[in-house]
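Whenever a hint applies, use it, and build me the whole structure from the sequences.
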Amino acid sequence: MDILKVSGAVKDYGRFRLDNVSLALPQGCIMGLIGENGAGKSTLIKWMLGLVKRDAGEIFYNGKPLNVNDKAQMEQIGVVFDALHFPETFTAVQIGKLHEGLYRNWDSACYSRYLERFSLPEKEAVKGFSKGMQMKLGIACALSHGAKLLILDEPTAGLDPIARDDLMEVFLDFVQDETNGILLSTHITADLEKVADYVTFLHEGKVQFTHPKDMLRDEFRIVRCGEAAFQKLREENGAVWRKMDFQYEVLLPDGVHLQEKYPDCTFDRPTIDEIMLLYVKGGTAQ
Amino acid sequence: MKSLILKDIRLVQKTLLPSLVLIILLAVISGITTTPEDSMFSIYPAVLAFVTSVTTFRNTFYFDDTSTFMQYAFVTPATRKQYVSARYLYMLITLLILTLPGLAVNLLVSWISVGNTFMLMEFLVETVIMLLMALVYNIWTAALAIRFNSRTASMLIIPILFGIIAFAGLMVFLSLHFKQMWISFAGGIFLILLSIGAFVMSYVWIEKKEF
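The listed protein sequences derive, respectively, from chains F and E. Per our numbering, the first sequence runs over residues 1 to 286. Per our numbering, the second sequence runs over residues 287 to 497.
Hints listed in this document are in silico derivations from the structure and should not be mistaken for laboratory results. Note that CB positions come from ideal geometry on N, CA and C, so glycine has one too. Treat each hint with caution, since some may be false.
[Said to hold, decoys possible] One-sided excerpt, in silico: chain F residues whose CB lies under 10 Å from chain E:
no.	residue
1	L49
2	G50
3	N69
4	K97
5	H145
6	V280
Right, dumping it as structure tokens:
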């Protein structure tokens, strides 16, 4: 069952349009939402959470239409944006008290455990927190009210690798419960290589692909070749490519099956970054 | 909703508490010094309550704008309507906090010092007038801060306030000139209706607000 399903999401700003975006996040999974700045990741998250007017499309949470005015549904959704949204003079304890009133299922003991796990001071104003500490506090809040679905918008931006690794462990712990799910929007694709089950790539407001991460790793290939091989690849396969100084780079979604057919080319496993780069900066073969 | 109100009170408590102490002090002085011939001093606690109420109320919107708390609040189980209602309840609570202790102290002091309630009546009338003014001013501030943001609201509220004062002055002038008191009453009712309109619109605008 899909914990989150978006179907035909449209938000038109005139200068930018979130165009018919659909995705489905199965229970027990982490989906990475990737894309360049301005691709529409944050707009999609705002669309999902009702922070912008939905021009078209539907959203379902565990099979039921998501209604942001439904308290029971919103109890089960934890959200972390790319910055802390609490008054900067508040301490972690005061922020906990604020949430205690907002969430019926707020678990103060769980919150205290996360503060301890993340080594966050309880009685220091959050304005003195580093970016990493602020994001950890946001995540502690999102995890302390029995949420089943986490929607995270760039939660690891600006964090050092150690802090990011800590958070990835927390996310993996969270989806140990197979009825939970995480939608994780990020620029840092290395994080997704570690934890994501699915990757959805947004470019200019449109979904370019949604694939299991293993498929990107096991089946996608970057082919590096010369002019003649490139022309052949271009004619025979639908692909994205870009010209480098001395060679062509071609992304083949089913590249793993084509290795024998093109013995003169070098086939490499692409990283998510390389896939994104080719889609954004490359041309299309057809 | 309770936690939203408490959040706002916590945010402004550093401004609220010194003002409250000063209001009580002024209420004591007013209770001692006010006479039927000179009741000027009794207005100061009321004015201070008005100023504290409007500045702290505006500041809560400013704090929410700078921390973008409003956006966060709407992804929690708190609804948009609850957010606005919490704001108005917070405003009423702080207005009571800023006026009731002053009134009680003034009553006590004027009774002890001169044994009559004239000073209290002066104080009471001025407090009620300031309280109503703060109510109207804050409702307009809330509506504008929700429709735009706290910064724009601060800029727009001043011409609106002067407009209201000019309008009220015109109504009084017309009622005196034509010897028709109903003109003043009609003006007052018109202003009250405008404030009710702003109150209703704050609920309409919050539902349409995008982030």
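Broken hints, by number = Number 6 only.
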